[in-house]
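S.K.: Here is how the chains run, residue by residue.
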Amino acid sequence: MKPTARCLAAWKEENSLYYIAKVEVTLKKVVLDPQGVAVENALKVLGYNNASKVRVGKYIELTVEAEDSKTAAIQVEEMSRRLLSNPVIEDFCYTVQEAGG
Amino acid sequence: MKSKVIVFPGSNCDLDAYHLLKDVLNYRVEYIYFNQKKINNCDLIILPGGFTYGDYLRSGAIARFSPVMDAVIDFAERGGLVLGICNGFQVLTEAGLLPGALYRNNHLHFRCEKIYLRIENNSSPYTMAARKGDILKIPVAHGDGNYYADPRTLEKMERNNQILFRYCDSEGNISNEANPNGSLSNIAGICNKKGNVAGMMPHPERAGETLLGSTDGLVIFRSIFKSLEKGRIER
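The listed protein sequences derive, respectively, from chains V and A.
Using this note's numbering, read the first sequence as starting at 1 and increasing by one per residue.
Using this note's numbering, read the second sequence as starting at 1001 and increasing by one per residue.
Heads up, a few of these hints could be off.
Below, simulated DSS-like cross-link-like pairs (lysine-lysine); rule was C-alpha separation at most 27 Å, straight line [what the hints assert, rightly or not]: (1) V/Lys58 with V/Lys22; (2) A/Lys1156 with V/Lys29; (3) A/Lys1230 with A/Lys1002; (4) A/Lys1193 with A/Lys1037; (5) V/Lys22 with V/Lys44; (6) A/Lys1022 with A/Lys1226; (7) V/Lys28 with A/Lys1156; (8) A/Lys1038 with A/Lys1002; (9) A/Lys1193 with V/Lys28.
Here chain V is said to cover these stretches of chain A; the calculated rule only asks that three of the stretch's residues, wherever they fall, bring their Cβ under 8 Å from a Cβ of chain V [what the hints assert, rightly or not]: (10) 1100-1108; (11) 1148-1160; (12) 1178-1190.
If you're looking for bench data, these hints aren't it; they were derived computationally from the structure.
Every residue gets a Cβ at the ideal spot worked out from N, C-alpha and C, and that includes glycine.
Same shape as in the complex, but just chain V (with noise of 0.2 Å):
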């Protein structure tokens, strides 16, 4: 029997999930890093002459509806690639988790 549209809604309610994506937006390594400077700057202050490369980046958490998890990675990866992350001076990365009970 062919699904009408209505059911196939109600099938895709019922077995779709929330996933929990974290993404994490840094400025690419070849682009100067302000606000990395300053608290690698205020880390030597306190002591801490041991701490380099200090680099401030944002992480963004959300939670998304899908089929599976592979729908759900393929749309936060296009998500980080047109809003969260801006291609020309930052690099991103994520994970894709099943959101428990």
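Starting from the known structure of chain V, arrange chain A on it as the hints suggest.
M.R.: Chain A only, in chain V's frame:
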């Protein structure tokens, strides 16, 4: 000249641009809003300064997806003149209409002061009423004005004459001391390859009346007017 000034949530130099065009220069100007999908009957679109959407995420990153931006991109692709000032420049780089990106000033401070700019190219519609090497005294007011482009992009821009203005001292010397934000190669303003889309961090609309301490910004708008007139004659 029929110009439009876009009002995004968080724009705050829209009034300044409107005032200069209408009251000082006597040009026709109207506001258009971030949620409009069509732009009709227009020679010039200005994306004004401000803090669109609170500059959340990155300056200009959210405004770039406003409904009006599709119409702006369409207008630009058809050769229409689009000028982004300060935050407007950031919106244009985010939208990919201009190369490179603008990010945090290298010293992390918000800079609000008058600076000097040198005209690097007077063949664009935005600078054609000036002479190459002319020095303009114009205010800046920004925290994210540090211009970056990868070496390959920069080289291409230099080759195509896309750098319109560089930060300089009062004598026109390009130096680190004259650079208010760490911008690559002292870049203060650029245009796209075709020359019809331009962006600049300094505020020419705030330098259009003696009362405000400088009228050096007028040459930008006179250039635009001149280029449109020229286009009309050639057509």
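S.K.: Of the hints given before, which are not true for this structure?
M.R.: 5 and 12
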